[in-house]
Amino acid sequence: MRWFALLCFTLAIHAGAQSIPGFAPENSAEANGRALADEAARRDDGFSDSQAAMTMTLFDGRGNSVSRSMQSKTREMANDGDRTVLIFEDPRDVRGTAFLTHSHADRVNDQWLYLPALKRVKRIAANRRNGAFMSSEFSYEDLGNDEVDKYHYRYIGEVVLDDIETHHMERVPTGNSGYSRQEVWLDKEALRLVRVDYYDRGGTLLKTLAVSEFQQYLGKYWRPHRMHMRNVQNGRETVLTWRNYAFNNDLDESEFEPSRLDRWR
Amino acid sequence: MKVNLSRRGWIAGASFVALSAITAASPVAHAVDYEGELGASARWFVQSTDDPRQSVQDFSVSGELRLNHRFDDRRQSFDLAITGRIDSDDGERSQWDIGTLTWRYQWRHAAVSVGLDKVFWGTTESLHLVDVINQTNRVDELDGDSKLGQPMLRLSFTPGRHELDLFVLPRFREQRLPGSRGRLRGPLQLIDANPGFESDKGNQHLDLAVRYGSYIGGLSYALSHFSGTARTPLLRLSPSQTPFELPTLRPLYFLTDRTGLELSLVTGDWLWKLEALSARDDLQRYLAAVGGFELTLPAIAGTSMDLGLILEYQYDSRSSDRLLQSVSVANDDLVAGLRIGANDFAGSELLALYSYDRQSNGRIASIEASRRFGNNWRGSLEARFFSGQSDVDALSVFANEDHWQLTITRFF
Numbered sequence: 077m078r079w080f081a082l083l084c085f086t087l088a089i090h091a092g093a094q095s096i097p098g099f100a101p102e103n104s105a106e107a108n109g110r111a112l113a114d115e116a117a118r119r120d121d122g123f124s125d126s127q128a129a130m131t132m133t134l135f136d137g138r139g140n141s142v143s144r145s146m147q148s149k150t151r152e153m154a155n156d157g158d159r160t161v162l163i164f165e166d167p168r169d170v171r172g173t174a175f176l177t178h179s180h181a182d183r184v185n186d187q188w189l190y191l192p193a194l195k196r197v198k199r200i201a202a203n204r205r206n207g208a209f210m211s212s213e214f215s216y217e218d219l220g221n222d223e224v225d226k227y228h229y230r231y232i233g234e235v236v237l238d239d240i241e242t243h244h245m246e247r248v249p250t251g252n253s254g255y256s257r258q259e260v261w262l263d264k265e266a267l268r269l270v271r272v273d274y275y276d277r278g279g280t281l282l283k284t285l286a287v288s289e290f291q292q293y294l295g296k297y298w299r300p301h302r303m304h305m306r307n308v309q310n311g312r313e314t315v316l317t318w319r320n321y322a323f324n325n326d327l328d329e330s331e332f333e334p335s336r337l338d339r340w341r
Numbered sequence: 036m037k038v039n040l041s042r043r044g045w046i047a048g049a050s051f052v053a054l055s056a057i058t059a060a061s062p063v064a065h066a067v068d069y070e071g072e073l074g075a076s077a078r079w080f081v082q083s084t085d086d087p088r089q090s091v092q093d094f095s096v097s098g099e100l101r102l103n104h105r106f107d108d109r110r111q112s113f114d115l116a117i118t119g120r121i122d123s124d125d126g127e128r129s130q131w132d133i134g135t136l137t138w139r140y141q142w143r144h145a146a147v148s149v150g151l152d153k154v155f156w157g158t159t160e161s162l163h164l165v166d167v168i169n170q171t172n173r174v175d176e177l178d179g180d181s182k183l184g185q186p187m188l189r190l191s192f193t194p195g196r197h198e199l200d201l202f203v204l205p206r207f208r209e210q211r212l213p214g215s216r217g218r219l220r221g222p223l224q225l226i227d228a229n230p231g232f233e234s235d236k237g238n239q240h241l242d243l244a245v246r247y248g249s250y251i252g253g254l255s256y257a258l259s260h261f262s263g264t265a266r267t268p269l270l271r272l273s274p275s276q277t278p279f280e281l282p283t284l285r286p287l288y289f290l291t292d293r294t295g296l297e298l299s300l301v302t303g304d305w306l307w308k309l310e311a312l313s314a315r316d317d318l319q320r321y322l323a324a325v326g327g328f329e330l331t332l333p334a335i336a337g338t339s340m341d342l343g344l345i346l347e348y349q350y351d352s353r354s355s356d357r358l359l360q361s362v363s364v365a366n367d368d369l370v371a372g373l374r375i376g377a378n379d380f381a382g383s384e385l386l387a388l389y390s391y392d393r394q395s396n397g398r399i400a401s402i403e404a405s406r407r408f409g410n411n412w413r414g415s416l417e418a419r420f421f422s423g424q425s426d427v428d429a430l431s432v433f434a435n436e437d438h439w440q441l442t443i444t445r446f447f
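Keeping their order, the protein sequence lines are chains A and B. When we follow our numbering, the leftmost residue of the first sequence carries the number 77, and every step to the right adds one. When we follow our numbering, the leftmost residue of the second sequence carries the number 36, and every step to the right adds one.
None of these hints come from the bench; they were simulated from the model. It cannot be assumed that every hint is accurate.
[Claimed, not checked] Partial list, computed: chain A residues near chain B (C-beta under 10 Å): (1) D120; (2) D136; (3) V170; (4) G172; (5) R183; (6) P192; (7) S211; (8) S212; (9) E213; (10) N252; (11) R299; (12) R302; (13) P334; (14) R339.
Every residue, glycine too, gets a C-beta built ideally from N, C-alpha and C.
Chain B extracted, bound-state conformation (with noise of 0.2 Å):
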């Protein structure tokens, strides 16, 4: 088999083994609370393009470091995390973020905190559609659990099982997509340099947001509201320059009020999940939800293991033309998962999702398995395959985008 590692791969490479052996080697300075992890990973795609500038393989380097430090007897505490990562093939994707840098002072049922930093809102497994504070970093990871650190000013207030938090955000950030060289960009090259946006501040407009959340018995629900700069962006196709350039797609960035609904319900051996939200685009005012449940099922069979069922349904009322012009997709949708849990020394795991588009018969099947070796590594295989896209689906601009992708992380 013929593999071809560009320079950047070697760089990559190389960097990972030295920086294993270093944390390996080096005892670890007490003095300082940090923790971090490095990872070495390869992707292989089932079927090549159409552009001879992308390749079926690449491979990439990626850590993440945090540091915490808790002083003030634990009242004041400063954390700072970085990410990175270096592609072989894609510049886009070689790329590093400050996700979190941030000092917080905590009072008995209040909080401050300024900085960069990440916040997650949602309780489905199959879309974070309520979740909006941080923009999602699609170049880095397709599954959007990966985010980019947010500027914000943060105030908590936490009387007993309440919790309301009230958020600035004085900077946007853009979307990260892959580059010309990179793969899961579709047909179009798409243009994030030069993103066009409807408030006349550009980034600089002063996003707010507000949620409410609490729980009673095996009940937890949250109302949030968000004014400000949508983090998805509808796509504008731009014609070609001249007749030898592609066409391009533009992010667009419309101002959104958007409001959110997020609900869980433990009765008995069912978890029930909710996310709703109405929202408004450049056009219209929208309701979208995702809902389900999951069904653990402990001792299966005899053995020690674990089996979940996961059942959602996504629901979108913009029409499938509308929803071509954005990255999201979920508007009739049917997801299906298994999470198996072996209960191993390993700790192996096993997540399996089947979407169906009810609209479009677009389908999408993914694996997720993963195990830890020894007690500082762990090891995953994801594959996901996509099938059925037809052009209305937006999803379609991965018809060709089957791929493999094998992961080694090194936690220290």
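If we strip away everything but chain A, and leave its shape as in the complex, we get (with noise of 0.2 Å):
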């Protein structure tokens, strides 16, 4: 029975790669795991700009919950990864305070963040992006770590995820991260990102996000409204949800500089 179940992988994996460049099967498991992370990348270059309102509930695994609301902006560059910045609406006391990640291929991010109590711009240090993002289960490396070459990759197989056809797969950091693995879904559908399982330092699962309520934009770029994050180990969840998503908004890249962040609101 073993040749069997081998070539029904085999079959899977060409079912799920049809129209895949370079996704073939005589190709590694890592191989096939990077040319899965490339195409998904690939369908979503071109978009330009982006912005919605965006909701943070945080819940604190006795019962309790509480809203964070901010406008989330986001500048496709060129040559580099994408430009985001988060302006935060409430609480109350944080108003006006903006988060600027400048996201990069080959190196590590740079992150500022705008205070504007004092009218000042700092920077945010490596490691506090292991650090909890507006005390929520989202670390801020969660929040801006997409970019295909931080991770190696490595083929798993396919698999039915509540009533999904995914492909599993598993992704190592290749940098400085608050994680030793993550294990990556994504719909054969449209190479979505459906869920991550992250896995921490000691190798022990540490949170399961849940990407869904997918629209499609533009008649090509495909959005999720609801992200739900679950840390298995201290029992808090958050749920980020979206909003009054708008493309091709002629956000130039100089405002996405640390120098404009008080220019947001």
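Got two chains here, each in a separate frame; can you build the complex from them with the hints?
Okay, structure coming up:
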């Protein structure tokens, strides 16, 4: 029966790999994983810029919850990773605080925080990236580390996850990270990231992310409207939801400089 | 416990309650983009002083209102920010100020703005050495973060990662200092009603400033130059007019040229910071610097708390007896700090700083803790303790000024 299982696996890869360049069964699991990640990234190329309203709800695992709101703006860069700014609206004591990320494919991201009370821009140390973003279960790293080159990949196989047919693979961060490895699932239909399992530096499962409620924009770009992060170690959860997505807003890359962080309100 | 609230204190308390009720009850008018805050705070001083006019507690109400208007497809903006405080004891601390009243036009890589505004320069935590555009409002908060709005014409050029700012500053604003009934002024009563100026134009001297800043990878850097009236006065002793009067200090504002350097560098888990200054006062050119690091350790010991360690060193080439005449005291000081972020719903934070003057043995310990209540309130508790100050340390004026401060702020 062993040959049969092997055959099924090979066929499955073939089925999922149709139309994916460089994706062939004779390639290694590493090459297959990388090819999938490249293709998923390629399908998102050319969106130029986007903005959306974001709500973050924190659950403490004891029945209490609290909501935060912010605006998110993203600018695609020609030869570099995306630039993203998050502008906080609520709670009121941090209103106007802005968080800027320049993500890079080949090195650590640059991150700045603008504090409106002092009109001061501060850099964020690399290690803060492993720290909690706004007391949530998302770390700074989770919010700006999706460049393909930030990981080594290994294709695991096909699985059906909550009635969705998916590609299952492992990715290991290449640089400084709060994680030893991650397991990711991409749906076969459009190579959208639908789930991530995060393993801490000790190799133990730390968090599980479920991504859902996808909508397509400009007939091409898929955006999730819900991300649900569960921390399995402390029982806390965070739900991110998006609304009012808008593309082609003429956001200029010069607006995503630290010197301009006071101009977003 | 006997608590004496003066008439002004009652007015302050009543207006806080009334304004809280109004802002909580009325629906926010969405047509105007406004926001603000209203705070009530109490200070308790551990020691009483020899001056019977000073008391061991005071109460105050402070507020800020901000209006922002963007128009012309966001190219133009109008910003207004008004702050004010009513203090139960110190008439000088009861004050208001227009921090921002600015019109701005933004091009793709340049901007021009005219009006009153605030500008912050600097990287370090324990001292804002390079920061010079705005006058510090010392009577409002002791930490130097409270500033007065500065009239300016500002031209900004921002091609890519580079930033060049040119400032024309037509009117100088004097430092505000505590009055005779206020605390944290030392044993000598300061007269700020009649300051002296080196410039024969007084506070009308046209000050100029320029700053260039940029970044490459984890390194951010900036060079700045300021030519004009020094923001920090030298304090000169004036003899008593009659035997019954206390001697006074007269603030003297000299013209200065100062060149500043700001650096910050991210390397792995460390954030390195440096500010350096070469400046001229009335007698000499001097060097001053402050530098150190901040190390942030996330998720300590399996909890969701962040822990930050701060260590900074402050240097000033002027000798202590010269510094005694100015309010600056950071000449050979080590500052160690601990920052804790609880990452709870309340956004609880704690910052503890310990400062040690290696020449005078003067020490300052300070703690600031704060947390949110609901979505719109924040409470904070601050404490400062001064010890070991000898007469050569300018901080000796604070020898009997240990205090606690409790503040509750409503944001709307």
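- Query: Which of the numbered hints above does this structure break?
  - Reply: Hints 1, 11 and 12 not satisfied by this model.
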